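Counted the way the working numbering counts, the sequence shown spans residues 2 to 131.
Be aware that a few hints might be false.
[Stated by the list, open to error] Simulated restraints on C-beta separations:
hint	residue 1	residue 2	range
1	S127	A25	15 to 25 angstroms
2	Q52	G72	29 to 39 angstroms
3	S43	V20	17 to 27 angstroms
4	V92	A32	13 to 23 angstroms
5	Q39	P90	17 to 27 angstroms
6	G128	A29	25 to 35 angstroms
7	A29	G72	17 to 27 angstroms
8	S127	W51	18 to 28 angstroms
9	P31	E98	35 to 45 angstroms
10	K102	A29	27 to 37 angstroms
11	F18	M94	21 to 31 angstroms
[Claimed, not checked] The calculated lysine to any residue pairs, modelled on SDA-like cross-linking and capped at a C-alpha distance of 25 angstroms, are:
hint	residue 1	residue 2
12	K75	R9
13	K117	G77
14	K102	H91
15	K117	A103
Hints listed in this document are in silico derivations from the structure and should not be mistaken for laboratory results. Since this is a predicted model, take the numbers as computed values, not measurements. Glycine is no exception: its CB is placed at the ideal position from the N, C-alpha and C atoms.
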Amino acid sequence: MDTARARRLVVGVTDIFFVSRIEAACAAAPALDPVFAQPGDSLSRLCAVWQPCVLILDLQDPVLDPLGEVGRIKSGPLRERVEILGFLPHVRMDLRESAEKAGVDRIMVRSAFTRKLPQILAGVISGTAP
Numbered sequence: 002m003d004t005a006r007a008r009r010l011v012v013g014v015t016d017i018f019f020v021s022r023i024e025a026a027c028a029a030a031p032a033l034d035p036v037f038a039q040p041g042d043s044l045s046r047l048c049a050v051w052q053p054c055v056l057i058l059d060l061q062d063p064v065l066d067p068l069g070e071v072g073r074i075k076s077g078p079l080r081e082r083v084e085i086l087g088f089l090p091h092v093r094m095d096l097r098e099s100a101e102k103a104g105v106d107r108i109m110v111r112s113a114f115t116r117k118l119p120q121i122l123a124g125v126i127s128g129t130a131p
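Could you put together the complete structure from these sequences and hints?
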């Protein structure tokens with residue numbers, strides 16, 4: 002892949018169901034250069050190294066400390082550079098409020114995220130996402 006022309010995104014998701022869907026959607030979009038976080042990774046460090054335009058984040062991920070990482074990203078030099086798109090279960094209104102306060106730029110329920118993933122990635126490619 003020509004990473005000079007690709008749009009980078011960091012994916013902070015460890016749930017295999019969502020990882021596989023995101024991997025498949027990214028494979029169908031060769032203009033994307035996704036970096037998938039692994040358990041134990043620091044998302045803020047990955048963002049500092051890879052300089053993505055978008056961070057896709059499972060706000061309920063039990064491994065990656067999503068809200069803590071959002072706070073670190075939004076309080077540092079990447080706050081204007083990295084757009085954060087988070088998804089969560091529709092019943093977690095408390096988590097939605099916490100994510101908004103932490104600085105997540107766009108919050109979607111899981112079903113909408115899954116349904117709109119191709120359009121979301123198209124927006125990343127065109128520079129209009131999240």
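Do the hints match the structure? See the list:
Between S127 and A25 the C-beta distance comes to about 20 angstroms, which sits within the given range of 15 to 25 angstroms. A hinted range of 29 to 39 angstroms for the beta carbons of Q52 and G72 is inconsistent with their spacing of about 19 angstroms. Taking the beta carbon of each, S43 and V20 are about 18 angstroms apart, inside 17 to 27 angstroms as hinted. Between V92 and A32 the CB atoms are about 35 angstroms apart, so this pair departs from the stated range of 13 to 23 angstroms.
For the hinted restraint 17 to 27 angstroms between Q39 and P90, the CB-CB distance of approximately 23 angstroms keeps it satisfied. Against the hinted window of 25 to 35 angstroms, the Cβ-Cβ separation of G128 and A29 comes to about 19 angstroms, which falls outside the hint. At about 33 angstroms, the beta-carbon gap between A29 and G72 misses the expected band of 17 to 27 angstroms. For the hinted restraint 18 to 28 angstroms between S127 and W51, the CB-CB distance of approximately 20 angstroms keeps it satisfied.
Between P31 and E98 the C-beta distance comes to about 37 angstroms, which sits within the given range of 35 to 45 angstroms. A beta carbon spacing of about 35 angstroms between K102 and A29 agrees with the range 27 to 37 angstroms that was offered as a hint. Roughly 22 angstroms separates the CB atoms of F18 and M94, a value that falls within the hinted 21 to 31 angstroms. The hinted pair formed by K75 and R9 meets the criterion: a straight-line CA distance of about 18 angstroms does not exceed 25 angstroms.
Between K117 and G77 the CA atoms are separated by roughly 30 angstroms; this puts the pair beyond 25 angstroms, and the hint is violated. Restraint check for K102 and H91: satisfied, since their Cα atoms lie roughly 18 angstroms apart, inside the 25 angstroms limit. For the hint linking K117 to A103, the alpha-carbon distance of about 24 angstroms falls within 25 angstroms, and the restraint holds.
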